[in-house]
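As a plain string of letters, each chain reads:
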Amino acid sequence: MSNEAVLHANVGVSGHDAHHDEHHGHHHETFISKYVFSMDHKMIAKQFLITGMVWAVLGGLMSVLFRLQLGYPDSTFPWLEDILGKWAKGGRISAEAYYALVTTHGTVLVFFVLTAGLSGTFSNFLIPLQIGARDMASPLMNMLSYWFFFIASIVMLSSVFIETGPFSGGWTAYPPLSALGDASPGSKTGMDLWLTAMALFVVSQLLAGLNYIATILNMRTKGMSMTRLPLTIWALFFTAVLGVLSFPVLFSGFILLIFDRNFGTSFYLSDIFLSTTNTALPNEGGSAILYQHLFWFLGHPEVYIILLPAMGMASEVLSTNARKPIFGYMAMVGSMFAIAVLAFLVWAHHMFVTGLNPFLGSIFVLLTLLIAVPSAIKVFNWLTTLWRGNIRFTPAMMFAIGFVSLFISGGLTGIWLGNSALDIHLHDTYFVIAHFHIVMGVASMFGMFAGVYHWYPKMYGTYMNNTLAYIHFWITLIGAYLIFWPMHYEGLAGMPRRYYDYGVWESFKQFVELNRFISTVVIIVFAAQFFFLFNFFYSIFKGRKVTTTNPWGSNTLEWTTPIKPGHGNWTGEIPEVHRWAYDYGKDGQDFIPQTVPVGDNETQH
Amino acid sequence: MYMNAVSPERNRIHPHKFTMWVAMGSIIMMFAGLTSAYVVKRAQSNWLEFDLPPVFWISTVVILASSLTIHLSLKAFKAREMPRYRMLITLTAVLGVAFALLQFAGFSALHKDGIQFFGAGSNPSASFLGIITGLHIAHVLGGVIALLVVFLRAFSIKNKVYTSVPLEIVATYWHFVDLLWIYLFVFFNSIG
Ligand code: HEM
Ligand SMILES: [Cu+2]
Numbered sequence: 001m002s003n004e005a006v007l008h009a010n011v012g013v014s015g016h017d018a019h020h021d022e023h024h025g026h027h028h029e030t031f032i033s034k035y036v037f038s039m040d041h042k043m044i045a046k047q048f049l050i051t052g053m054v055w056a057v058l059g060g061l062m063s064v065l066f067r068l069q070l071g072y073p074d075s076t077f078p079w080l081e082d083i084l085g086k087w088a089k090g091g092r093i094s095a096e097a098y099y100a101l102v103t104t105h106g107t108v109l110v111f112f113v114l115t116a117g118l119s120g121t122f123s124n125f126l127i128p129l130q131i132g133a134r135d136m137a138s139p140l141m142n143m144l145s146y147w148f149f150f151i152a153s154i155v156m157l158s159s160v161f162i163e164t165g166p167f168s169g170g171w172t173a174y175p176p177l178s179a180l181g182d183a184s185p186g187s188k189t190g191m192d193l194w195l196t197a198m199a200l201f202v203v204s205q206l207l208a209g210l211n212y213i214a215t216i217l218n219m220r221t222k223g224m225s226m227t228r229l230p231l232t233i234w235a236l237f238f239t240a241v242l243g244v245l246s247f248p249v250l251f252s253g254f255i256l257l258i259f260d261r262n263f264g265t266s267f268y269l270s271d272i273f274l275s276t277t278n279t280a281l282p283n284e285g286g287s288a289i290l291y292q293h294l295f296w297f298l299g300h301p302e303v304y305i306i307l308l309p310a311m312g313m314a315s316e317v318l319s320t321n322a323r324k325p326i327f328g329y330m331a332m333v334g335s336m337f338a339i340a341v342l343a344f345l346v347w348a349h350h351m352f353v354t355g356l357n358p359f360l361g362s363i364f365v366l367l368t369l370l371i372a373v374p375s376a377i378k379v380f381n382w383l384t385t386l387w388r389g390n391i392r393f394t395p396a397m398m399f400a401i402g403f404v405s406l407f408i409s410g411g412l413t414g415i416w417l418g419n420s421a422l423d424i425h426l427h428d429t430y431f432v433i434a435h436f437h438i439v440m441g442v443a444s445m446f447g448m449f450a451g452v453y454h455w456y457p458k459m460y461g462t463y464m465n466n467t468l469a470y471i472h473f474w475i476t477l478i479g480a481y482l483i484f485w486p487m488h489y490e491g492l493a494g495m496p497r498r499y500y501d502y503g504v505w506e507s508f509k510q511f512v513e514l515n516r517f518i519s520t521v522v523i524i525v526f527a528a529q530f531f532f533l534f535n536f537f538y539s540i541f542k543g544r545k546v547t548t549t550n551p552w553g554s555n556t557l558e559w560t561t562p563i564k565p566g567h568g569n570w571t572g573e574i575p576e577v578h579r580w581a582y583d584y585g586k587d588g589q590d591f592i593p594q595t596v597p598v599g600d601n602e603t604q605h
Numbered sequence: 001m002y003m004n005a006v007s008p009e010r011n012r013i014h015p016h017k018f019t020m021w022v023a024m025g026s027i028i029m030m031f032a033g034l035t036s037a038y039v040v041k042r043a044q045s046n047w048l049e050f051d052l053p054p055v056f057w058i059s060t061v062v063i064l065a066s067s068l069t070i071h072l073s074l075k076a077f078k079a080r081e082m083p084r085y086r087m088l089i090t091l092t093a094v095l096g097v098a099f100a101l102l103q104f105a106g107f108s109a110l111h112k113d114g115i116q117f118f119g120a121g122s123n124p125s126a127s128f129l130g131i132i133t134g135l136h137i138a139h140v141l142g143g144v145i146a147l148l149v150v151f152l153r154a155f156s157i158k159n160k161v162y163t164s165v166p167l168e169i170v171a172t173y174w175h176f177v178d179l180l181w182i183y184l185f186v187f188f189n190s191i192g
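Keeping their order, the protein sequence lines are chains A and B. In terms of the UniProt record's numbering, the first sequence has 361 at position 361, counting the first letter as 1, and numbering is strictly consecutive. In terms of the UniProt record's numbering, the second sequence has 114 at position 114, counting the first letter as 1, and numbering is strictly consecutive.
Since the hints were derived computationally from the structure, they do not count as laboratory data. By construction, the Cβ of each residue, glycine as well, lies at the ideal position given by its N, Cα and C atoms. Any given hint could be a false lead.
[To be verified] Reference listing, derived: stretches of chain A covered by chain B, where coverage requires no fewer than 3 residues with Cβ under 8 Å from a Cβ of chain B:
no., stretch
1, 238-248
2, 275-285
3, 320-327
[Unchecked claim] Computed Cβ-Cβ distance ranges for the label pairs, DEER-style:
no., chain 1, residue 1, chain 2, residue 2, range
4, A, Pro358, B, Ser45, 54 to 62 Å
5, A, Val36, B, Val61, 44 to 52 Å
6, A, Leu274, B, Gly25, 38 to 46 Å
7, B, Gly142, A, Leu61, 39 to 47 Å
8, B, Thr90, A, Phe359, 52 to 60 Å
9, B, Thr172, A, Val36, 29 to 37 Å
10, A, Phe359, B, Asn189, 26 to 34 Å
11, B, Thr172, A, Leu274, 46 to 54 Å
12, B, Asn46, A, Leu274, 30 to 38 Å
13, A, Leu345, B, Gly121, 37 to 45 Å
14, A, Pro358, B, Phe187, 26 to 34 Å
[To be verified] Which chain B residues face chain A? A few, computed with CB under 8 Å, are given here:
no., residue
15, Pro15
16, His16
17, Phe18
18, Ala23
19, His111
20, Gly114
21, Ile115
22, Phe118
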């Protein structure tokens, strides 16, 4: 089916020949069909982005609250009781609330912000625009994917407000805490809502991923061969493939969990005595480790689902603003492919200390350390792209460079953790927290910021304010390092993660000051995000207007659309592509867009 | 107007058909996850072994037959033999429902033998069988619904131009769930 046919397929007639007209972009649109149940990929992208931003604020606020407990364990904050009620009696967060906050923070940031908010936004926005398509292969499925995400969000949010509180057993939801309602207050209705929300979320991701893959492979404009695709598209493609292949496995893990919770099966449960109810449970023969296998078979690909879009956008932004071709295009694609394949073969590195057979463990060590190779190739290529470039330090560029810095810092600690012997000491300590927050959490956030600052003019037809953006950048970068760098030392000293109060340990008394420092920086960095939020919303209405279609002097197709593209993206025909996306500084020309035919004495790509 | 935007060689496969193929990959992963979990769990302690009752053979024949009927109905559709198409598609849907009922008959036969799937006293080996085949039944019934939608759409007044694409997609899916059952059946009989 052609691009136009897809666009019109939702008008009611499914016959191919029924539509010879040329009125794309001029459907009769109501407020509802334009802003709410929109099938325009650009609007859906904005819906994902804004929902993701709401979640980022909520999830970030949760971390501020639990950092208050960690940084000031002996202080009381009466205003906490005002907002949290019984969860913070006397102005101190209760242990139960603390665990609930940590769990919800993790779930929300990993899935709702950095998966849906990041790849949902940019896959939707960039795939059709950069490959030259009028919309997704199935705009309807695309819309559904957002609404499933939205309902998942509502369900997850509602779990915060119920009597027994949200789930509190960690974002990985290991049984038995997740399987036994009597295990803790959060394991009751909170866990039911958590599971429901996550199941809906998986559906949303599958609908989205299927669509992204079909669109990239089938709807590229004339001349847009796979090897001419911008790296953003390659990254989003691998992201979608990972999601489509790993989320179903998580889903099967959840199904077994649901049966253990509600229908008395024993997949994950065996020989349990519950002290809360003083009963011995009848379940026999289950294995909690089985859940971990199923969870991490998704869980590890998931971290790359989060990271790959950031990698792709950083590549694009770096090349554009260094005014140089990306270094090693095919090596970039190849290493993303390698990462995508290896992502499925390393899950057990999260389980080195579960009693895993040490021989099997050593195989997983090898495979895990192999990931360092494609990762290093990518870092090398980013640095060589920057090398001797005519760098324009736009806010997007700053965040892209920050992304590279963070990826290096966090990737190096991954190599420590990948050694099963070292991991015996480091597992479940603050070292792991530091590792994954730097390499995944903050790095992907930076990729997302780079993307927003870079494509904002295309999204809203205005610019964001640069001064605010620079303030936002520096506070966030310095703050992120100040927060997470010291955690490596705490972890090396053996300080375990997921504890409410470290005051009882003599050995961690030395970190009281440090923890207070970290918590203080957390508050500052959280506050600094309002520079971004204000900038974002203010600029939609009051930002400087974009007056040229291609403000960054960029080669990719989205900058050949009108300043505010309608549904259908291009008013006339979709442009044809004649070259790759990275002809910057070629033959003395600043940039040559993909739509420019190759000259006679030019080398072709 | 709409053909010139995309070069013909890119149109070899309809995007919706392609999406179906990727979705099948996704479904395969789900069942692969479950059957791997089965293998892992089986290697551990406390595993109840039992044979599948003969009803499952009948249901296997039924689902194989339904693949044949949907294949023929697609052919009839393409040849514009509408009465034959309607008859065959109805037959396919009926066979799909019959398959589901036969699977349940299999479960109750096991239950009569004292095999408990869920609840206290259930063994993971039976629970796995119940969940995996149950999910498969859900996929078959999903196919029945899709079949009905396609079938009814062929009657709708709005739809003057017949395209076989939706039917082809459903047929592909139908063969897929058929194969999936064959895989599961062999799996349970050889590994179980
Ligand atoms: C050189 C590459 C990397 C290696 C060798 C590596 C290795 C590891 C290992 C062995 C662990 C388990 C530590 C433990 O629990 O004891 C771990 C945890 C983690 N890694 Fe990495 N990693 C690498 C890169 C990344 C990247 C790029 C991301 C994300 C984009 C990431 C995200 C995570 C997360 C989220 C966890 C912890 C999850 C949890 O326990 O809650 N890692 N890493
Ligand atoms: Cu991992």
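Hint numbers contradicted by this structure:
Numbers 3, 4, 12, 19, 20 and 21 - these are the hints that the structure violates, sorted from lowest upward.
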